[in-house]
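Student: Hey, can you work out the whole structure from these sequences and the hints?
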Amino acid sequence: MYSQGLIGADTSTEESEEFLRAFQERIDAEQKIEPNDVMPAGYRKTLIRQIGQHAHSEIVGMLPEGNWITRAPTLKRKAALLAKVQDEGGHGLYLYSAAETLGVSREQMTEELHAGKAKYSSIFNYPTLTWADIGTIGWLVDGAAIMNQIPLCRCSFGPYARAMIRVCKEESFHQRQGYEIVMTLAKGSPEQKAMAQESLDRWWWPVLMMFGPHDSDSQHGDQSMRWKIKRFSNDELRQKFVDATIPQAEYLGLTVPDPDLKWNPEKNDGRGGYDFGAIDWDEFWRVVKGKGIMNRERIRDRRKAWDDGEWVREAALAHAQKRAERMAAEQQAAE
Amino acid sequence: MSETVKNEVPLWEVFIRPRNGLSHKHCGSVHAADEVMALQAARDVYTRRGEGQSIWVVRSKDIVASDPQDKEELFEPTADKIYRHPTFYEIPDEVGHM
Chain A
3 MYSQGLIGAD TSTEESEEFL RAFQERIDAE QKIEPNDVMP AGYRKTLIRQ IGQHAHSEIV
63 GMLPEGNWIT RAPTLKRKAA LLAKVQDEGG HGLYLYSAAE TLGVSREQMT EELHAGKAKY
123 SSIFNYPTLT WADIGTIGWL VDGAAIMNQI PLCRCSFGPY ARAMIRVCKE ESFHQRQGYE
183 IVMTLAKGSP EQKAMAQESL DRWWWPVLMM FGPHDSDSQH GDQSMRWKIK RFSNDELRQK
243 FVDATIPQAE YLGLTVPDPD LKWNPEKNDG RGGYDFGAID WDEFWRVVKG KGIMNRERIR
303 DRRKAWDDGE WVREAALAHA QKRAERMAAE QQAAE
Chain B
14 MSETVKNEVP LWEVFIRPRN GLSHKHCGSV HAADEVMALQ AARDVYTRRG EGQSIWVVRS
74 KDIVASDPQD KEELFEPTAD KIYRHPTFYE IPDEVGHM
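Quick mapping for you: the protein sequence lines, in order, are chains A and B.
Residue numbers for the first sequence follow the working numbering, beginning at 3 and rising by one.
Residue numbers for the second sequence follow the working numbering, beginning at 14 and rising by one.
These are calculated hints, taken from the structure and not from any lab test.
Keep in mind that the hints are not guaranteed to be accurate.
[What the hints assert, rightly or not] Per label pair, the in silico range of CB-to-CB distance: (1) B:K94 - A:R305: 35 to 45 angstroms; (2) B:M111 - A:K269: 53 to 63 angstroms; (3) A:Q323 - B:V71: 13 to 23 angstroms; (4) A:D219 - B:F88: 26 to 36 angstroms; (5) B:R62 - A:G272: 32 to 42 angstroms; (6) A:E332 - B:D93: 47 to 57 angstroms; (7) A:S14 - B:R62: 51 to 61 angstroms; (8) B:P31 - A:S14: 41 to 51 angstroms.
C-beta: ideal position from N, C-alpha, C; glycine also.
Tutor: Shown next as structure tokens:
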């Protein structure tokens, strides 16, 4: 999600040196930028793109998990999953609302998603084949999202930072409910444990891809770091995630599908960390460019939801207008 | 906050009072056709975990805001009025806490 929002971002901007320097001084002084403040066009464009894609990721992210609501194994799991999917919808709405303060309309963002012009996180283009996937998504996908989102709580753009604070508070529930699902399976029958392992095998690499391309291949990261939209690079966050996750997998008795994974005591300035194998970037770019397993279905489902809801939006507006007219007429009659 | 697009569902700003004794605080916005739906949407979006005891919704276009460009003109004059602060006045220690 998140760092992928910067892929293809146009950070170019045409203001005078003096204006840009004054803006950078505000950023360096850790002053938050608020919607009506003057800002470079590149800063605005980058944020609209990133927040918009982040919002789309939350909304599209409801689909793979929604797939299992009716088939959750117990009432408790079903209630928790329903609440989690509702949260994702809420997160999308906080973020759309933050993006709208920059002058982009909700309709415009929706149209861009449906036309395939705006991206969302590559991770949601993978299918949820088993119940274990619901656990794995909460544990790893939400875990990776938290890694990305915690530094975004300090993003220089006020509305985005505030939205992220709300999101992070709620995201912790998502990760814990996911881990608990995987834990239950891992401690269950051999078949259940095998299901958890098979799910981890499928999701591990796509989750590492969520952090976006390597720093050396990421063109717009530098400017975003200078503007304090981003606080850590893709590779830094990916490393933190791997280091945090491996002990969690070990506790479950599951193994990540990486023969090159190895503890390296030299890493992280001598604190130690894991070396891990090469990521298949061809797969990543294939999915980002629309050739993932679920890309077509996801957009088709979003479009269908939008089209099917059209009569509701029209009826609500017509009703609101009728009420407003009636109230105006009553007021006139009273005078 | 453009209202120009035809059939665009209006934007409302949402304010939540976490509990009695505290004031309502801005927390974001929602799109809704009318005030009834705006309140329902605000409840669903912003109070899923007991964040509020009361919600205000206000049409975004009805909010009048100061221009950040006027910040100096509006707020700078208070900076040199240090005599408005209690620490401006020297009271001997013998007087005790005041």
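Student: Does each hint fit the structure? Answer for all of them.
Tutor: Each hint, compared with the structure:
1. Between B:K94 and A:R305 the Cβ separation comes to about 59 angstroms, which falls outside the hinted range of 35 to 45 angstroms.
2. Taking the beta carbon of each, B:M111 and A:K269 are about 59 angstroms apart, inside 53 to 63 angstroms as hinted.
3. The hinted range of 13 to 23 angstroms is satisfied by A:Q323 and B:V71, whose Cβ atoms lie roughly 19 angstroms apart.
4. For A:D219 and B:F88, the Cβ-Cβ distance of about 45 angstroms falls outside the hinted range of 26 to 36 angstroms, so the restraint is violated.
5. Checked against the given bound of 32 to 42 angstroms, the beta carbons of B:R62 and A:G272, roughly 41 angstroms apart, stay inside it.
6. The supplied range of 47 to 57 angstroms is met by A:E332 and B:D93, whose beta-carbon atoms lie about 53 angstroms from each other.
7. Against the hinted window of 51 to 61 angstroms, the Cβ-Cβ separation of A:S14 and B:R62 comes to about 41 angstroms, which falls outside the hint.
8. Range check, B:P31 to A:S14: about 42 angstroms between beta-carbon atoms, so the 41 to 51 angstroms window is met.
Comparing the model with each earlier hint shows violations of hints 1, 4 and 7; every other hint is respected.
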